[in-house]
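2 protein chains.
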Amino acid sequence: MAKDKKTPRPKAQTPKGFRDYFGAEVTERSEMLRQIAGVYHAYGFDALESAAVETVEALGKFLPDVDRPNEGVFAWEDDDEGWLALRYDLTAPLARVYAQHRNDLPLPYRRYAMGPVWRNEKPGPGRFRQFYQCDADTVGAVSVAADAEICALLADCLEVVGIPRGDYVVRVNNRKVLNGVLEVMGLKDDEQRAAVLRTIDKFDKVGETGVRELLGKGRLDASGAFIEGVGLSDAQAGPVVAFLTSKGATSADTLANLRAAIGGSAIGAEGVAELEQIAALLDAQGYGPDRIEIDPSVVRGLGYYTGPVFEAELTFEILDDKGRKRQFGSVAGGGRYDDLVKRFTGQAVPATGVSIGVDRLLAALREKGRIGSESRGPVVVTVMDRDRMADYQTMVAELRSAGIRAEVYLGNPKNFGNQLKYADKRQSPVAVIEGADEKANGVVQIKDLILGAQIAENASLEEWKERPSQIEVPRADLVAQVRAMLDSQG
Amino acid sequence: MAKDKKTPRPKAQTPKGFRDYFGAEVTERSEMLRQIAGVYHAYGFDALESAAVETVEALGKFLPDVDRPNEGVFAWEDDDEGWLALRYDLTAPLARVYAQHRNDLPLPYRRYAMGPVWRNEKPGPGRFRQFYQCDADTVGAVSVAADAEICALLADCLEVVGIPRGDYVVRVNNRKVLNGVLEVMGLKDDEQRAAVLRTIDKFDKVGETGVRELLGKGRLDASGAFIEGVGLSDAQAGPVVAFLTSKGATSADTLANLRAAIGGSAIGAEGVAELEQIAALLDAQGYGPDRIEIDPSVVRGLGYYTGPVFEAELTFEILDDKGRKRQFGSVAGGGRYDDLVKRFTGQAVPATGVSIGVDRLLAALREKGRIGSESRGPVVVTVMDRDRMADYQTMVAELRSAGIRAEVYLGNPKNFGNQLKYADKRQSPVAVIEGADEKANGVVQIKDLILGAQIAENASLEEWKERPSQIEVPRADLVAQVRAMLDSQG
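As you go down the protein sequences, you meet chains A and B in turn.
Residues 1 to 490 (this note's numbering) make up the first sequence, in order.
Residues 1 to 490 (this note's numbering) make up the second sequence, in order.
One or more hints might be untrue.
Intra- or inter-copy, both count: the list cannot distinguish identical chains.
Using 20 Å as the maximum straight-line C-alpha spacing, the simulated DMTMM-like pairs for lysine to aspartate or glutamate come out as follows [to be verified]:
hint : residue 1 : residue 2
1    : K342      : D385
2    : K425      : D387
3    : K421      : D385
4    : K368      : D167
5    : K122      : E25
6    : K16       : E81
7    : K205      : D221
8    : K421      : E313
9    : K11       : E313
10   : K11       : E77
11   : K247      : E313
12   : K122      : E81
13   : K414      : D424
14   : K16       : E121
15   : K122      : D80
16   : K425      : D104
17   : K368      : E213
18   : K414      : D391
19   : K205      : D79
20   : K414      : E438
21   : K11       : D79
22   : K247      : D201
23   : K11       : D104
24   : K421      : E457
Note that these hints are calculated values from the structure, not bench results.
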């Protein structure tokens with residue numbers, strides 16, 4: 001005790017913004033990532049796993065999410081290697097890897113990567129400083145066929161993990177079209193351009209009228225506060241509004257509207273032509289607008305992308321914190337970014353890719369009841385006689401050989417109530433009991449813990465008698481009877 | 001260019017001691033870990049994934065491998081959280097997790113964990129600063145039934161991933177027996193005890209005579225250098241030698257010899273009794289000495305373990321760097337360590353567990369030809385007419401729907417030779433070609449790239465004619481014919 005006073009005990013706590021994942025939280029994620037990896041692999045993408053640690057120099061100092069507060073990396077100085085840091089995404093390491101190994105890698109190089117990334121930001125509710133990313137990128141392909149492929153890949157991934165067709169849509173836009181619109185508007189001032197882009201991002205929330213107001217003098221928001229406008233004239237704002245409202249009933253309609261919105265801009269025309277190609281490629285493969293559609297309101301990571309951008313949105317409704325219905329929303333996004341390795345080699349290499357939001361997609365699967373409904377623990381073999389541990393371990397070995405998850409109670413067996421409490425905490429469906437009497441008679445007791453819990457809660461005395469939650473069976477029938485009980489629980 | 005001179009380009013390089021894993025290196029490891037997780041889960045172990053980052057305080061300053069040079073962690077100071085560090089193993093986080101969540105976790109708590117750990121050490125050949133661990137531990141079980149279970153679990157894991165019975169043995173010892181031997185020897189001096197333990201660890205290499213010399217005056221090693229001895233008399237050294245040579249033909253013989261070696265030591269007797277129980281439990285479940293055996297020469301992590309220790313050794317022979325035969329050696333180890341969470345809570349909680357050396361086991365599977373033999377890439381559909389990309393993407397979609405990994409060439413299609421070079425770099429088994437003529441005739445060319453390579457290397461002109469490596473088939477038969485070609489390649 002005196003010693004304890006001298007050195008205070010360490011706190012048993014994760015640092016803020018970090019957390020532990022238990023049981024199904026881990027296995028459900030692994031399984032989802034395995035399914036996605038299967039699709040990536042089938043499309044010819046190769047796995048890549050780089051280390052968590054990179055030189056700060058190789059990572060570069062620019063994070064992709066420029067509008068996040070307090071952005072940053074976890075970094076430290078190494079005696080020999082200078083400043084090192086934890087990767088903040090999987091794209092910066094891809095750039096380093098491609099530049100380092102480009103002589104050995106195929107060109108184009110399709111790669112996928114999955115793993116944790118770290119952000120040194122203020123943590124908040126649901127915002128962690130370590131989280132998973134799951135990316136697929138194609139390096140070195142100029143053709144928009146690469147972008148179309150990424151969109152199809154994304155749709156396939158969503159269906160494979162359990163999002164049914166109709167519950168998602170991959171929306172495609174092109175930064176070049178947007179640049180064309182800004183060109184037509186004659187906006188040269190960077191700050192004004194940025195303000196326009198931010199306004200476009202609000203279209204989903206405020207609608208056409210709202211956007212007109214925000215591009216002009218300003219707008220009263222729902223809380224009554226006045227939001228300063230960008231200060232454009234109605235005429236200047238015209239192309240933006242035309243662009244945002246250009247979504248038609250078919251891809252062809254949308255493309256025609258976009259062509260009108262970009263007027264005589266060459267870059268805009270290039271963007272529309274690319275979208276047209278993407279739509280045609282996807283259409284030919286049967287990815288119609290029920291799965292992938294052109295949608296001018298998709299903006300995404302403004303400073304980062306240079307061509308097509310995509311976003312996968314889940315369209316089914318959930319209830320928000322306040323009980324209001326809303327669409328589930330975005331679970332993945334990406335696009336073309338054309339200067340991947342230039343920083344390292346001086347040579348421009350185009351790339352396009354997608355990042356699936358692992359936690360968001362898991363949450364969606366939970367909402368859809370695709371995962372999380374099954375939280376059954378192992379069968380627990382209780383210990384009635386500690387000298388016969390070998391008998392009990394033989395039972396669990398038999399159950400496991402038959403594919404049934406099973407364990408023997410390893411705590412102090414003295415108090416049987418503790419063993420049943422343990423089984424309860426483990427969410428065990430079945431407990432097996434073999435005391436001295438059972439042993440002598442060549443039988444075991446099998447207790448249905450799920451039925452037992454139901455009866456304890458609801459049943460009348462009649463039902464209690466009618467549906468015994470514990471049965472005695474010959475020892476030789478252990479496996480068959482446990483299986484039957486598990487099956488009866490559904 | 002002027003700009004490039006001002007800011008020199010970053011080096012595209014991993015920091016020393018870190019590396020990238022490509023393709024099968026990633027997928028083979030994932031698959032092996034998935035198989036092991038399946039066994040852990042069947043035994044009732046629950047997954048746990050803690051963050052890579054812990055407070056230095058929670059990790060503690062003592063690393064498990066006390067005899068590693070330049071041991072250390074990667075640590076940095078956080079503005080709000082104080083000193084943070086990357087975890088150096090999966091056991092220290094388990095201690096923190098158990099202390100933090102003990103009210104919600106079952107007791108005993110069986111957990112498994114898999115993931116990277118980081119060591120701030122001098123890297124060397126085959127020694128990396130980030131590597132995988134794969135652990136299973138039982139927290140809160142006093143009974144050696146928990147230790148026996150870990151041994152059985154380990155044997156099952158090895159067989160599941162593809163190490164056949166007979167090619168491995170799990171060796172079990174008990175630190176208490178060793179402590180009994182040291183007690184009988186009357187060694188009180190810590191330094192002398194440590195020297196004796198180090199000597200025991202050399203038994204495999206130097207044999208009985210060598211150990212006698214090293215415990216006594218010293219020994220000339222193979223290079224002619226003189227190794228200073230511990231300085232014990234022959235009589236003092238007796239119990240150690242008896243202990244080391246106590247392995248008999250059966251477990252019973254070994255146990256009898258151990259009982260003799262520990263003389264009247266109470267702690268020694270306790271250790272022998274525990275080994276006896278473990279042997280009996282495993283025997284009852286059919287884990288005989290062909291899979292798990294008592295072996296007094298197993299020492300492992302001297303300062304760390306307090307009871308039973310285990311080591312999985314692969315017994316098949318490989319050739320070392322110099323072409324000499326040697327056994328593959330250890331791939332996993334563990335044991336009982338009884339003060340897991342005391343540092344946090346003041347309460348002693350016993351634990352026992354095993355850690356599988358992921359890279360070692362993968363290397364073993366490669367040696368056995370269980371993995372790595374198959375490195376076939378995807379089918380490559382070439383692009384003969386860039387305006388018909390939709391046709392080519394439709395072909396790969398058809399192939400993928402039939403479960404065949406396939407991709408379209410996304411580089412510049414102008415030079416067909418480059419497309420075949422690309423297919424070669426991708427290790428593609430089959431290339432598909434559809435030019436304007438084929439399109440007009442409703443056919444495609446299917447090229448067997450594996451046969452083609454063989455013929456190019458070995459075939460006579462006769463064979464060349466007899467076994468065409470390229471066939472023309474109706475477009476409608478594309479999938480069936482590609483499958484047939486893949487099947488013929490075995």
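Against the structure, the hints:
1. K342 to D385: Neither: 71 Å inside a copy, 30 Å across copies.
2. K425 to D387: Close neither inside one copy (25 Å) nor across copies (62 Å); limit 20 Å.
3. K421 to D385: Cα proximity of K421 and D385: one copy only (18 Å, versus 70 Å across).
4. K368 to D167: within (10 Å within a copy, 46 Å between copies)
5. K122 to E25: This pair counts as neither: shortest intra-copy Cα distance 24 Å, inter-copy 36 Å.
6. K16 to E81: between (28 Å within a copy, 7 Å between copies)
7. K205 to D221: within (11 Å within a copy, 80 Å between copies)
8. K421 to E313: For K421 and E313, neither the intra-copy (44 Å) nor the inter-copy (39 Å) Cα distance is at most 20 Å.
9. K11 to E313: neither (41 Å within a copy, 38 Å between copies)
10. K11 to E77: For K11 and E77, only the inter-copy Cα distance (17 Å) is at most 20 Å; the intra-copy one is 26 Å.
11. K247 to E313: within (16 Å within a copy, 65 Å between copies)
12. K122 to E81: Classified as between; 11 Å across copies, 28 Å inside a copy.
13. K414 to D424: The answer is within: 17 Å in one copy meets 20 Å, while 67 Å across copies does not.
14. K16 to E121: For K16 and E121, only the intra-copy Cα distance (10 Å) is at most 20 Å; the inter-copy one is 27 Å.
15. K122 to D80: Classified as between; 10 Å across copies, 30 Å inside a copy.
16. K425 to D104: between (52 Å within a copy, 8 Å between copies)
17. K368 to E213: neither (38 Å within a copy, 70 Å between copies)
18. K414 to D391: Classified as within: same-chain Cα gap 17 Å, cross-chain 72 Å, threshold 20 Å.
19. K205 to D79: neither (51 Å within a copy, 37 Å between copies)
20. K414 to E438: Within one copy only: 18 Å inside, 80 Å across.
21. K11 to D79: between (29 Å within a copy, 18 Å between copies)
22. K247 to D201: within (15 Å within a copy, 75 Å between copies)
23. K11 to D104: between (48 Å within a copy, 17 Å between copies)
24. K421 to E457: within (16 Å within a copy, 70 Å between copies)
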